[in-house]
Each structure stands twice: as structure tokens, then as C-alpha cells.
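Enquirer: Single-letter residue listing:
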Amino acid sequence: MSNLLNVSPSPHVHGKESTQKLMLNVVIALIPAFITSVFYFGIGAIIVTATSVASCLIFEYLIQRYILKKPLSITDGSALVTGILLAFNLPSNIPVVIVIIGSFISIAVAKMTFGGLGNNPFNPALVGRVFMLISFPVQMTSWPVPKGLGTGYLDAVTGATPLAVIKEGIKNGEPLSKLMQMIPTPSQMFLGDMGGSMGEVAAVALLIGFIYLLYKKVITWHIPVAIVATIAVFTTILWLVNPEKNADPMFHILAGGVLLGAIFMATDYVTSPMVPRAMLIYGCGIGIITVIIRVYGAYPEGVSFAILIMNAFVPLMNAYIKPKRFGEEVKNG
Amino acid sequence: MLKTFRIGGVHPPENKLTAGIPIEYLPVPPNVVIPLSQHIGTPAIPAVNKGDHVKVGQVIGTGKGFVSANIHSSVSGKVSKIDLAPDSGGFKQNAVYIDVEGDEWLDTIDRSREIKREISLSREEIVKRCLESGIVGLGGATFPSHVKLTVPSGKKCEVLIINGVECEPYLTSDHRLMLEKGEEILVGVSILMKALNVSGAMIGIENNKPDAIARMTELAAASFKGITVHPLKVKYPQGAEKQLIKALTGREVPSGKLPLDVGAVVHNVGTAFAVYEAVQKNKPLFERVVTVTGKKVSKPGNYMVRTGTPLIKLIEAAGGIPENTGKIINGGPMMGKAVSNTDVPVVKGMSGVILIPAEESVRKEIEPCIRCAKCVSACPLSLEPYLLMTLSEKSMFERAEKERITDCMECGSCSFTCPAGRPLLDYIRLGKSTVIRMARERNLK
Amino acid sequence: MSSTVLITIISLSLLAFISAVILYFVAQKFKVYEDPRIDEVQAILPAANCGGCGFAGCRNLAEALVRADTFEGLNCPVGGAPVMAEAARILGKTPAVVDPMVAVLLCNGSPENRQRTSHYDGAMECRISKSLYAGDTGCSYGCLGYGDCERSCKFDALYIDPVTHLPVISDEKCVACGACVKACPLHIIELRKKAKKDRKIYVACSNCDKGGPARKACKVACIGCSKCVKVCAFEAITIKDNLAYIDAKKCTFCRKCVVECPTNAIHEINFPPRKEKAEAAVENVN
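Protein sequences appear in the order of chains B, Y and A.
So in numbering that gives the first Met the number 0, spot 120 of the first sequence is number 119, and the numbers just go up one at a time.
So in numbering that gives the first Met the number 0, spot 43 of the second sequence is number 42, and the numbers just go up one at a time.
So in numbering that gives the first Met the number 0, spot 20 of the third sequence is number 19, and the numbers just go up one at a time.
In case anyone wonders, no lab produced these hints; they're calculated from the structure.
Okay, derived cross-link-like pairs now, DSSO-like style, lysine-lysine, Cα gap no bigger than 30 Å in a straight line: (1) Lys401(Y) / Lys181(A); (2) Lys2(Y) / Lys323(B); (3) Lys323(B) / Lys155(Y); (4) Lys321(B) / Lys216(B).
Now the in silico label distances, taken between C-beta atoms and shown as ranges: (5) Lys249(A) / Lys127(Y): 56 to 64 Å; (6) Asp210(Y) / Tyr214(B): 28 to 36 Å; (7) Ser141(B) / Glu13(Y): 56 to 64 Å; (8) Tyr295(B) / Tyr158(A): 57 to 65 Å; (9) Lys30(A) / Ile39(Y): 57 to 65 Å; (10) Tyr158(A) / Asn118(B): 21 to 29 Å; (11) Trp220(B) / Arg439(Y): 42 to 50 Å; (12) Gly249(Y) / Val167(A): 55 to 63 Å; (13) Tyr295(B) / Arg439(Y): 53 to 61 Å.
From the three backbone atoms N, C-alpha and C, an ideal C-beta is built for every residue, glycine too.
This is chain B alone, in the form it adopts within the complex (with noise of 0.2 Å):
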């Protein structure tokens, strides 16, 4: 190529743009919720972190390389981005052996088997998370109290989330007002101070993570505001009918996943739909399956199947959703 001219198709220049950039940028969004879950739950939430982004990245590359025989693309960030994501919707005290086996459901079955990266129809880490719930149930809803960096790890002590409290307490008829006594206040669940996943307990580092991301332009808008919209409407419609069955809207929203799910999970570029108008339909899908499974179904928590069920409507958003197209609704002329 030395005096050869190089000749290629226009465009001639590219944006700054990559794929390892953008993943990068998820990653640091995520730093304020890690320095939250080490804070809360200290031992536990760094080795679960350390041993799921590990095994994911290992098993990558061991997938790619050995029985794919393809050029290696762990580089890219998207499994470490995977790892992480998975740690942050397990509980802390959760053993090691599990977590290397959710990290390989997440890699290797949701995301491998259709083709790698920008194949898989499924969250790879919620699928992951998923099946360690239906496979390890006990383990999995077993959630540490946070007590700072003497939480411990697997001796930690247990003890029930909010959304676990209020689920239990309304089917054993108990009223919401003696619950909400029993549980932390909005402020402290807006600070993260109460059981829960790694991950979602601290919504001030998610917003934080929230606003890094849209200014590095890494999301849009449409999917968490409609997640949490959604969420706000249905819940205040709930609570207003029956304020002493159900929880307010705020409860909903800073207690569970609702706010981890909408901000990295349900915005995950693979799964989801292509066109504003099709995420603002996915998430308001995803925000009314949430609200039903909370309030009718068996589980306390309902974000990660919701976002999976919508997942699989993707494809159908995108192939009948198109963008409101240019010159479509000319009158003059």
C-alpha cells in the first residue's frame, strides 16, 4: 500500500464513535452504584463483582477461541459490561460456585448460541439472573441487611427487602400504613440504606450513572422515562383505589429494580427496539408488566421478567415501528 492511493467508498471520514467507547462509558456510569454496594454491603459485593465480570470475560474468550475459532472480540467491553450488570442484580452473600454458573448462562446459552454479540434476542444478564433465581431460589432470595463494610460475606445477616415485606404483609392481610413503618424511609431507600440487590438499592448513584449517560450520549431518554412513567401512573391509580393495599408511587419506584432495570437493563442497545416510538411502547410494556407482576403475581419483584418478555416483542417492534419518515406529511405543494 506504500504509494498505492487508498481508494474506498464515501464516507472518507468517521465520527469518534466505538463500540469499546461506549461500553467504557457504561462502565463508568456504573462506578457510583459499585462504590454504593461496596459502601452497603462491603465484602460480598466485591468478590461477587470480581468473580462474575471474571467468569464472564473467561468464558468469552474461551467460547471464541476454542470452539468458535473466532478472532477474539473481549476487547470490545460488552462482557465486562454483562459482568458487572449480573453481579449488580445478585445478592451479596451469594456463593461464588453460583455466580460462575449465572455468568456462563449469561455468556455462553444467551449469548453465544445466537451468534455473539448483536444476536441475542435475551438480556444476557438477566437472563442469567433468571435462571439463577428459578435454579437457586433460596440462595437468590436470601438478601443481606446492609451494614457498611461489616456486612460480611457469606455469613452475612438476612433479612427481607421492602417489596418482600409489603408482598407479605398484604397476603397475610396486615395494613400498608403498619407496613411502611417496617421498612426504611423514602429518603433512605433513596440513598440505598435497605436490602436488596447490589446493584439497585442506591437510586442517587443510578441517576448519577442516568445523567452520565445521556450526556455522553450513550442512551436517549425514551426507555427509562417511560419505565418509570408508567410505573407512576399505574401505581398512583392503584394507591389511589386502595390506599391500604397498595403501596405509593415513590415506594414503587425507589424500592426493587425499577430504576437499575430501566436505566442499564431494559436500554441495553441489543435488546431493544430501534425507533423512539417503538421504546416508548417497550417501556411502558415493560412498566405495566412490572406493576402486575408486583401486585398479582407470586414474585415481590417483577422488572427482570418484564424486561425479558418485552424483549421478545422487540423484533416485531422493529419490524412493523417505523421512524416518523421525512416528507410523510406534506400538505402544501
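Dock chains Y and A against the given chain B, drawing on the hints supplied.
Expert: Positioned in the frame of chain B, the structure of chains Y and A alone reads:
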């Protein structure tokens, strides 16, 4: 708030390195190769033979059919042969080879510098003069201007838009033309207004040329009634026809239709200048301003070049090809064509030549599509580039036609944005040409 | 047996029986009559659905064979003569005489013979490069080497040689289905009749430029000098647009043209080696 189009668009780095460099007239080269097809439509038929002596401005090719254009000699000398010559894509086209002798112009051309303001030609005569003078769109599309000025019955031109946007990075020929020949351009616009029977015109200029905006506004306000100057937001592709019409008038040209269907006609400022010279000075189109630029070029500038000049002569005037040049682009970096050899001649549509250093010439490595939808948000015509690329790759052309692949104007915003470095536009172009060919075959049946 | 099990067995059996009866009557009512021979013929076809016969799938060819009076114009290149003979036996018709064909690349423009004049950096598909510009050499007709043909072959019969950047076609595996012919955007692959022992003689060039530019672009280009035409005693060679073409049906494989060609553009494949002068001609083939 500056006017702009709303949907899509990208912000490539502007690199207007030559914005402050005045136009320099390049000396006549020792020989020229003038292609007989420098426009959209049927190539011109040779009007001279081997051995003929020609003067500057003489017709050497006559347009064939309505959508065609005349070709004029840009030099005086002897026709050495009429033979095939490679164009910037390497494809061989018919061309007139002339050995230059002196610089003798036709007597009919008015070479005086004074600006002639009064328009004495009638509407029909203006269109005829444009046809005779070989005027084509100098924004790069090279569409024969007399065709654009001929409004078919049933349609009406309500607004004339003059494109001074020059949204492509690096290019500054229109910028310098507005600064140095602003009054001539405005007379040209008035001529176009008369030809289209409108009482006003809107000139759109991107906001990164404040001096040109000021100059044109000042000139228009002083003595050109009806012509208004509008600064536009700096965003690519602000200068694209449909986007410019949307920004200035709010009207959207529907899919498959022309600007005239929303009552608009768009002409480039360079074309307006060429119309002035043709109508007022009887000078046909045989030279144009070409920006020669690049980060390592030693003497970048805006050169007035005669058509047919070998590209290498133009580059030599700018200091020669810099060492380690990887790519030479004919046009702008977003929509221009990379040339494979430097013997190609300068043609009417060559608005700029950019010499790119080797390290910037190599494409990014291709990675799988991560479905980030940045291409969808970048597309100014709200198409779905990722889908059109996949459909073209898998040869699913019927579906590509339904997804409006023929709407694509090949602006390159999608490929520019794609984080995975996917060659979106390569495949969309393939799909587009296949679908157009399929549609043509279908209509013939 | 308990009553629950008994009731279950009886009710499920009854349900199955009723469903079977309903399905039987529906199948009878909506039955489409099809000649049973179509299924018979389809069973002996290779089921590759490659389109080499000109039909969309093997079943469509089976239908056409059953309907047709003669087998003229109908042939399965994948199955070849044995399959056609069997189909003829089933249907009681006579098979047509079909020449065995093979795909041949009419170009020998490796980097050694044809110098590169630019470097292509776009999407690596021949059809994209062809629509962009005249190619990265001085010959705009020649093979680009990005493998559109390789990707189109369902029978693994051709691959792009990493040194010559030209497709290498395997005589054994090529079934002459024509997929590579359709895939090549330069139209320089054609199906040619092959002689006994897979022998072929063809002009390995598609350049239509005049002799001077053609030779300048590629050392082994056909310059349209007509020497081959003059030496052919069987009028098998014609020159059109400065390019020679050998009609495989008229060619008797006498090999006189191969020796005569000044640029070694004519190739002879799978012939026994000749004495001294011929060595040079055969060398190019490799």
C-alpha cells in the same frame, strides 16, 4: 435560534483550512483532456475533429437530448485526438484531447471586469443562454441548469433558494466566491428569479462563514430587493436540497418527489455566478473554483481552474502531493469520490480536492452491529440504515424497496456515526442501484 | 385400575378417535390431486434445491419432468446423467443428451501478471467494488478476487487462492449449477463444456480494451491479434471487441491456438505435458 433541519444529521470536524485564502487563477496547462460527460444525463456529442483549432469558449461538444449539456473548450489550441479517457472512477469516457497554444478567447465573450447589473434578456432567452453555455449545477450534482429552470406545466415555482451552505468539511470555494464575487452572484440570483418568475430568493449560508453572511446581507440589503440572507445552524447535511428547503421554508419534499412539487427550486451560489457570467458576459462554463486542501498540503488554496486540467497540475500548484498521502478525494470527505490516479481531468463538478494523510485514510475495522440505533438517529431522511444494509447484504431487494432505500441521498451520516465501523453506505448504495434497475425493468414490461 | 385412570383412558381415547375421524374427512375433502410420479421423481433428485436446473427447487423440476413430453432442455446438473436416466426410467421417457459442463474463470490476472494501481479499502465484496470504480488494476474487466463467487457456491467447489487472488474451481466438485456465474458482477465466469478427462481450452481473459492498453495493464491479456483465429482449422475462435473467444462446442482440443498465442492468454488444462516450447504455455496455468 438559527434555522435548521430537525431530523438526523452529524457534526464532522469542519477543517475549513482555506477559508481565508483568496481565489488564485491557475495558469493554463500545456494540454487538457476535456470529458464530454461532465453532467448528469446523456454525454455530449463531439462537435470538433482531430486537427481542428479551437478558441477558449468554443463549443466542442453538443448536448444530446433535453437532459444533457454543452461542453466548451477551456483553452485555445489544436485538438490532438478524440478518445477515451478514464474519469475519477477509472471508467473510460469519451473526451477531447487538446494541445494548448496561447490563451485566445472567442470575441463574443465580454472579458471586462465591471459588474453588469441590468438584465436585458427575456425569460426564454435566459433559459436558452444557460443551455447554450453548458451551465450545470456546480454544487457537485452537475444537473443541467436549463432543465431545472424549465418548470413543467402544472407545477409552479414559489420560492427560489440559493445554496451557499457548503456543509462539507474542508471545502471553501463557495465561501470565497461569496466574499469576492458577491455582487455578481446576486445579479445571477436576480437572473434566476427572472427566469423562474419569482419576486424573491432566500440565500442559506452556514453560520461558520460569518464574513460571507455579513457581505451578502450587506450587498443584498443595499441594492437587491427581494433577496434575503439566512444564517443556518452548522450541521451536516444542511446543504442537502431537501434539508435546505425544510430549514428555510418548513416544507418537506415527499419521498420520490422533486423540490418543485413543494414549489421550491434550489441552485448553488457557484451556479448563480456561472449564470451571471453566461447571461451578462456571454461566457460559457469552462472554469470553476476548486479548493485544494489537506492537513499536510504546503500551499492549500482556492484555485480558479480550467476544465480539463490534469489533476496533478492542480495539486502541483498547491505544493505537490505531500509525502505519505493515503487518499486523494474529489469533492468533500462525506460524499466525494476517492481517485485512483492523478491524471484525471478537472471537471465542472469538482468542487474540491482533499489530500488525506495515510494514517487517516484507513477505514475503521468492521465489528458486528450492536443495534445501538445511532444510524437511525443520524439519518436526515429518517430511514433505517442498519436494516437497509442487512437487506442489501442478503440480496433481499424487494423488501429494501419497501423500506424506501431509494429515498437515500447517500450523505454518509450513517457510516460516519456507526460505532462498529460498519460499511453501511457501501451496501445501501448497492441496494439502491439494484432496486432502481429492477424498477426500471419492471416499468419497461 | 382406579376409576380416575379408567375415565382418563376412555376419555382420551375417545378424543383421539373423534379427532382422527374429523381429520380424515377434512383431509379427503380438501385433498389436492397430485400425480404420484412427482413424488417418485423428487425422491431420486439430489434435494440440493440449488437452482442449477433453472427451477426454484427440486420439486419444481420433478413437476416439469412429469409434465414434459421430452427431456429436452431439462437437466439436473448436480445429479447428472445417472439421475436423469433414472428419472427417464420412472417416467418412461428418453433422457436428452447433455454435455458435461464446468465453471471456468475467464481471467488470469494475478498480481504477478496484472499490477495493482490502487488499494481498495471498502467492503470486501466484488459487487460493491465494481459499482464504485474500475478496480484496483489497469484492467477494469478482470477478476477482483473478493470472493462473491466463493460465497455463492453451495458445493464447496471454488475458493479464492490467497496468492493469485483468483478463484480456483475444482473439477470434481463443480456441478455447473451456475450460481457463481450469476454471482460474478463482472460476468467473467462461464459454464463450458468439458472434454474427456476434464480437459479444457479457453481464453483466460475478458479484456475488451485495444491491444496496447490491455497488454500494459496485464502481461497475459488477450490483445486481439487474431493469430489464434488464423491457426484454428475448425473456426472455433472468434474475435469481438479486441477479445478472442473459443466456442467449446466447435473446439476439437487440438491445442494449436495455445502455442500460437503471443501473450499465453489461452490455457490448456489437464493435458499431458508437451515438449520444450509448450512448457511455457502450461506454466501460466499453475
